[in-house]
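Engineer: Could you build all of it, start to finish, from the sequences and the hints given here?
There are 2 protein chains.
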Amino acid sequence: MKKGQISIKEIAKLSGVSVATVSRVINNNGRFSEETRKKVLDVIEKYQYNTNAVAKTLRMNKSQTIGIIVPDINNEFFSTIVHGVERYFFERGFSTFICHTDKSPEKERAYIKSLDAKMVDGLVCISGQEEIDDSLLSRNIPIICIDRRPKTRKNISIIESDHFDGGYKATKHLIEKGCRNIIVLTKQSNLSPVNDRIKGYIQALSEYSYTFDPSNIIRIPNHQQFNVDLTKEVIQKEINQGKKIDGIFATNDWLALNAVMALNELGFNVPGNVKVVGFDDDTIAKYFKPSLTTIRQDIKKIVEQASSLLYQMLTNKEFAADKKHIIVPVTLIERDTS
Amino acid sequence: MKKGQISIKEIAKLSGVSVATVSRVINNNGRFSEETRKKVLDVIEKYQYNTNAVAKTLRMNKSQTIGIIVPDINNEFFSTIVHGVERYFFERGFSTFICHTDKSPEKERAYIKSLDAKMVDGLVCISGQEEIDDSLLSRNIPIICIDRRPKTRKNISIIESDHFDGGYKATKHLIEKGCRNIIVLTKQSNLSPVNDRIKGYIQALSEYSYTFDPSNIIRIPNHQQFNVDLTKEVIQKEINQGKKIDGIFATNDWLALNAVMALNELGFNVPGNVKVVGFDDDTIAKYFKPSLTTIRQDIKKIVEQASSLLYQMLTNKEFAADKKHIIVPVTLIERDTS
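Chains A and B are the protein sequences, given in the same order. Position 176 (the first sequence) corresponds to 176 in our numbering; numbering is contiguous. Position 265 (the second sequence) corresponds to 265 in our numbering; numbering is contiguous.
Certain hints may be false.
Copies of one chain are not kept apart here, so a pair can be met inside one copy or by any two copies together.
[What the hints assert, rightly or not] Derived lysine-lysine pairs resembling BS3-like cross-links, with alpha carbons at most 30 Å apart: (1) Lys300 with Lys199; (2) Lys38 with Lys113; (3) Lys187 with Lys46; (4) Lys187 with Lys243; (5) Lys13 with Lys38; (6) Lys300 with Lys323; (7) Lys300 with Lys232; (8) Lys237 with Lys103; (9) Lys39 with Lys113; (10) Lys103 with Lys300; (11) Lys199 with Lys9; (12) Lys169 with Lys324; (13) Lys187 with Lys286; (14) Lys13 with Lys113; (15) Lys38 with Lys9; (16) Lys286 with Lys103; (17) Lys199 with Lys232; (18) Lys199 with Lys237; (19) Lys232 with Lys286; (20) Lys9 with Lys177; (21) Lys301 with Lys286.
The set of hints was computed from the structure by calculation and includes no laboratory data.
Structural biologist: Here it is in C-alpha cells:
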C-alpha cells in the first residue's frame, strides 16, 4: 500500500474497529477507549504519514506551524525580521510559512485566509494595511503585528520601534548641526511608522521654535530601492519653487541614499551644502560613499520580543489573554552625511 | 454553531445521512450518490469554512497552493524569483507558501516535509543541496528546480541560467581587455552554478592558450553581502604569496563589489591595475561606484519559464510526465570595472 493512499475504511479494517469509530478517533469526538485510539493512530501513522499530518491538524487544532505576512521581501528590514522569526521557531519545532503580499491589500487578505485554512497556530503580521479584518480568521489564533499598527482587532499584540523618537532624534541632530530648512523625504503612505516619524520631526522643530511648514513633507510616489532620477526631479522641483534646503530627514535609508546621489548630480555637496539623515541602518548605510547618518532600528530586539511573545501565547493559554504593545528604542548613528 | 467546530456526527445529522457516508464522501471512497455528495458538502461548506478547506484538500488531493523553498531571501536574485513566481500563481488562484532554509540541509528537508504535509500541489525549489531526497515526499507532486541541479530524483524539471557561458563570457572579456593573470573569487560551495561558471572560465583560458592554475580559484568562507575586511585579507594573502593579479572574475556581484573595495584599500586602481567582472547584475551593480561589469541573468525569463512549466504540470497530467531542462541565456554587461 502506498503512503498517503489509505482510506478510512482501510484504517478501520487494519485496526479492527468500525469506520464510525475511526471517524470518532480522527475527530476526537464521542466515546472510544484509549486502547482503540492508540490502535487507530498507529495504523494511520504506519500507512499514511502525510494524510496523518492533515488529520492530526484537524484533530488537535494544532499544526506546529506559524505564518508570516510580509509586504516586501526585498526590504532588508523586513527580510531580516522574517529570517530571525523563522530561525526562532524552527529551533522550537515549528515550521514557518512566509507569505509575500507585495504591499497589496487583496493579497494580504487572501494570504491571511490561506494561512488560516492551513491551520497555522499563530501569525506574525507585518501588515501593509491600516486595519486587519477580524472576519478573515475562522479561529481565534494569536497575532503579533510588527512595525505597523492596525487600527482594529482585539486579540493583537504589537511590537514596533520608537518611530516618534527616531524622527525626533534625526531632526534634533540636523538642527544641532546647523540646519535651518529641513525637509522630510518620505513615501506616499499612511502607515503608522511613517506618521510617527513625522510627528517626531514636528516635535523637534517645535522644541527649537522652528515653524512647521506642511509643504516640507515631500512624498515620492512608487519609490523603489534605486530611483535617483525621480528623486532628482522631486528635489529640483522644490528648489525651483524657491525652497531652500539645508537638511533632509528621509524616512528610510534608500530614500536617503537616492537623495544624496540626486543632490550630488544637482551640484550640491553632502554634507557641505545639505545634510542627510536616513532611517533603518540597512547594511548599505555603512558602506555607501559618503556613509549615511541614520536611525538604527534594533531588529534583534524586535525579533526576540515578537518571537518570544508569540511563542508564549502559543504555549500558555493564560498568557494569550494579554494584549501587549512593546516599543523598542532606536539609536542615532552619526556618519558622513551630516 | 461556531465555524470550524462541527463534527462528522453533526454533519451526518444535518445532511440526513450516516456517519459512515460522511466519511466516504470526505474520503471520496466507496459508494454514494451525487445527491448525497452534494448534501454533505453543502453542510460542510455552510458550517465549517476552515475545516472544509482542510477536508477539501484531503478529499481532492488539491489545495490550490504551491510551496517555494529558498535558501536565502536576502539574496536579490532569489527574492526576485520568489516575488515573480508568487505573482504568477496568485493571478491564477494559487497561494504560495515560502519556506526559508537559511542554506541549512536540515531545514531544507524539514520544509519539504512540512509543505508536503500541508498538501501543496507543487514545489519550486531553489535547493542548497546536491541531492533532493525522494523519500521526503509522500506524494508524487511536480517539482521545478531553479538555478541549482540536484543530482537525483526522476520527476524534477530544471530551469537555470547558462552558467557555463557566463563564466566563459566573463573570462573572455577580461582576456580581451588585456588581463593575463585572472583569478576566480567564489564562495565555499559545491553547487552546480558555481562549478559551471568555473568550467566556463577554464574553457576561455584554454581557448586563448593560457594555463589553468587551480590555485587561482580562491574560495572565501562564510561570505556575507558586505565583507570587505575578509576579502582584503584573502587578496592580500594571495599577493603576499607572489600571485600577480590583473583580473578577477567573481561568481556573484557582492563578491565583486567587496573585491573592488578591498583592492582600493590595498592601493590598487580598478580598472587601471585590476579589472573585475561580477555575476547576476543585481541592482547595486549599476549604482556602485565604479559601476560593475557583470554577467546578467535573465530573471524575468527564468520566472516565466519556471512558473508556466509548473502551472502546466499542475493542470495537465500528460504534460507532467515530461522532464524538462531549460537553459536561459546570459549577457555580459560592460561597465566601469573592466
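Engineer: Each hint: holds or not?
Structural biologist: Okay, the hints, checked on the actual structure:
1. Lys300 with Lys199: within (25 Å within a copy, 41 Å between copies)
2. Lys38 with Lys113: Answer is between: at 24 Å across copies they meet the 30 Å cutoff, but 33 Å inside does not.
3. Lys187 with Lys46: neither (55 Å within a copy, 42 Å between copies)
4. Lys187 with Lys243: So lysine 187 and lysine 243 pass the 30 Å test inside one copy only (19 Å; across, 49 Å).
5. Lys13 with Lys38: both (15 Å within a copy, 27 Å between copies)
6. Lys300 with Lys323: Answer is within: at 22 Å inside a copy they meet the 30 Å cutoff, but 44 Å across does not.
7. Lys300 with Lys232: Intra 34 Å, inter 28 Å, cutoff 30 Å: inter-copy only.
8. Lys237 with Lys103: Intra 28 Å, inter 46 Å, cutoff 30 Å: intra-copy only.
9. Lys39 with Lys113: between (34 Å within a copy, 25 Å between copies)
10. Lys103 with Lys300: So lysine 103 and lysine 300 pass the 30 Å test inside a copy (24 Å) and across (20 Å) alike.
11. Lys199 with Lys9: So lysine 199 and lysine 9 fail the 30 Å test inside a copy (64 Å) and across (56 Å) alike.
12. Lys169 with Lys324: within (25 Å within a copy, 56 Å between copies)
13. Lys187 with Lys286: both (22 Å within a copy, 23 Å between copies)
14. Lys13 with Lys113: Between copies only: 28 Å across chains, 36 Å inside a chain, cut-off 30 Å.
15. Lys38 with Lys9: This pair counts as both: shortest intra-copy Cα distance 17 Å, inter-copy 21 Å.
16. Lys286 with Lys103: For lysine 286 and lysine 103, both the intra-copy (27 Å) and inter-copy (26 Å) Cα distances are at most 30 Å.
17. Lys199 with Lys232: within (25 Å within a copy, 44 Å between copies)
18. Lys199 with Lys237: Only inside one copy: lysine 199 and lysine 237 sit 25 Å apart there, 52 Å across copies, limit 30 Å.
19. Lys232 with Lys286: Both: 22 Å inside a chain and 17 Å across chains, each within 30 Å.
20. Lys9 with Lys177: neither (78 Å within a copy, 73 Å between copies)
21. Lys301 with Lys286: within (20 Å within a copy, 34 Å between copies)
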